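> Single-letter residue listing:
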Amino acid sequence: MTESKPAVAEAPTNAKMETRNVNVFYGSNQAIKDVDLDIADRSVTALIGPSGCGKSTYLRALNRMNDTIDICRVEGRILLDGEDIYGRGVDPVEVRRRVGMVFQKSNPFPKSVFDNVAFGLRIGGEKDKDVIAQRVEESLRGAALWDEVKDRLQSSALGLSGGQQQRLCIARCLAVWPEVILMDEPASALDPIATAKIEELIRELREQYTIVIVTHSMQQAARVSDSTAFFYMGELIEHDETETMFTRPAKKRTEEYISGRFG
Amino acid sequence: MRGHTHQEFETELRNLKDRLLAMGGRCEHMIADAIRAFEERDEALAREVIEADRSMDDDEVLVDEQAVRILALRQPVGRDLRFAVAAVKASTDLERIGDEAVNIAERAIEMEPTDRLSLPGSKLPEMAGRAGAMLRNALNAFVEEDASKARHVFQHDDAVDDLYTEVMGLCLDYMKDPSRIADGMRICNCAKYLERIADHATNIAEMVIFMVEGRDVRHGKG
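Residue numbers (our numbering), protein chains in the order written: chain G, 14 to 276; chain B, 103 to 324.
Don't read these hints as lab results, they were simulated from the structure.
Just so it is clear, the structure is predicted and the values come from calculations on it, not from any experiment.
Incorrect hints may have been included.
Said to hold, decoys possible - Quick partial rundown of chain G residues pointing at chain B, CB under 10 Å, derived from the structure:
1. Cys85
2. Arg86
3. Gly89
4. Ile145
5. Met258
6. Ser272
As the list claims (entries may be wrong) - Here's a subset of chain B near chain G, in silico, CB distances under 7 Å, partners left out:
7. Arg104
8. His106
9. Gln109
10. Thr113
11. Val179
12. Gly180
13. Asp182
14. Gly316
Don't be surprised by glycine CBs; every beta carbon is placed ideally from N, CA and C.
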């Protein structure tokens, strides 16, 4: 078993995103080293690895969220439907619309439930109230939240439970019709039932969206994802179907990590 | 591979492995004692074998309980998962080997008292030696987590099968004298029990390969 080259299962033929020789630096510190990874369309890809392994950095490179960090530099090619999202003339705001993000801690705006979901549409220039109302409902239904909030759309989003707030953030993301959704530990602060709802939602969303999720929970990765990528010290060690990764991974370091021997 | 961060989990896995190996060790003794009881018409020894099987039954239940507990509470993955699954399956094979040893011991008690073994009966110790060696080798492969050693076990199964066929042929001749039919049938049965023991040892070896390589080689696969 060689440990030098990453063990990567055959690349999906339906890659929504392709990353080639991706390196990410914070100043002189290299956080991601030469990562080649394809993200299959309409599937869930889980990124796992110990703290500081670079999985969140890699995730944030997928929608140019790292642009907001001055000392951060991204090298290599990150393609969305074959086009480089870091290419000249590409609008990062449009990239982030197509590649949405849900964070570890739910971050609803101190506004009503309705206004939270409508926010992206309005700043995108949508003025038609009927269109906005329709998209808000669609998005809340898509995030499996509609039935719980339809009678209090004008109440403050901050009054929702933690799990509901996280689903609201997913609805806010869905409202602008993204193609890819990045999730950075979306359920780590939630109780088991709220976590189960988010996980169930992720399984439903994959019918229409491409999802990349960072998680510290091996069981969560096993439950929700179709493929799993293991990162260690900034390198992609192994990427394969989730079932294979959790039953017979090719690399010793993957085995040691997923079975709780380090990390 | 390094140990688990959770020392308690590491201890649980080790305890499970130790219990399985203890079962395996007892099986080896039971086979050897049962066949010696058969050779020497030693009824007391045969009864010891029958008595020893009780703890095999208890151990099978305990192994399953420990493995289920690990599956439920530790949610093992990768090799640990395969080990837990292999442990449950191997414990069933070991328990059945114990049952086969008991069957031999019971036939030993039933045999007509004579001074020396008949020709077909004299082949049984050799069969028992080979089947016991297969079990020992499968258990060593399990301890050492060595798939190639496990594969060696398969090769010996054919030799046991050949001996079984040979004993059957000898028994047919032996039973031409009607007064020998009862003992001849007992010898045939013992040969069958030993052939089954070799099959169970083969199953355990297959589980070792599954545990080490994650490959299912049962039924000619892999």
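> Taking the hints in turn, state whether each one holds.
For each hint, the structure was consulted:
Checking G/Cys85 against chain B: minimum C-beta separation of about 31 Å lies over 10 Å; hint violated. This hint is violated: G/Arg86 has a C-beta 34 Å from the nearest C-beta of chain B, more than the 10 Å allowed. At its closest, the beta carbon of G/Gly89 sits 30 Å from a beta carbon of chain B; the interface hint therefore is violated under the 10 Å criterion. At about 44 Å, the closest approach between the beta carbon of G/Ile145 and any beta carbon in chain B exceeds 10 Å, and the interface hint on this residue is violated.
Contact between G/Met258 and chain B, as hinted, is supported at the beta carbon level, the nearest pair being about 8 Å apart and thus within 10 Å. Given the 10 Å rule on beta carbons, the hint for G/Ser272 holds: about 5 Å separates it from the nearest Cβ of chain B. Residue-level restraint check for B/Arg104 holds (minimum Cβ-Cβ distance to chain G is 5 Å; threshold 7 Å). A hinted interface residue such as B/His106 counts as satisfied when its beta carbon comes closer than 7 Å to some beta carbon of chain G; here the least separation is about 5 Å, so the hint holds.
For the restraint placing B/Gln109 at the interface with chain G, the shortest Cβ-Cβ distance is roughly 11 Å, beyond the 7 Å limit, so the hint is violated. Checking B/Thr113 against chain G by beta carbon gives a least distance of about 14 Å; that is not within 7 Å, so the hint is violated. For B/Val179, the shortest C-beta to C-beta distance to chain G is roughly 4 Å, which falls under 7 Å, so the interface hint holds. Look at B/Gly180: its Cβ gets to within about 5 Å of chain G, closer than 7 Å, so that hint holds up.
Taken as an interface hint, B/Asp182 checks out: its beta carbon lies about 5 Å from the nearest beta carbon of chain G, inside 7 Å. Here the hint on B/Gly316 is kept, as its CB sits about 3 Å from the closest CB of chain G, short of 7 Å.
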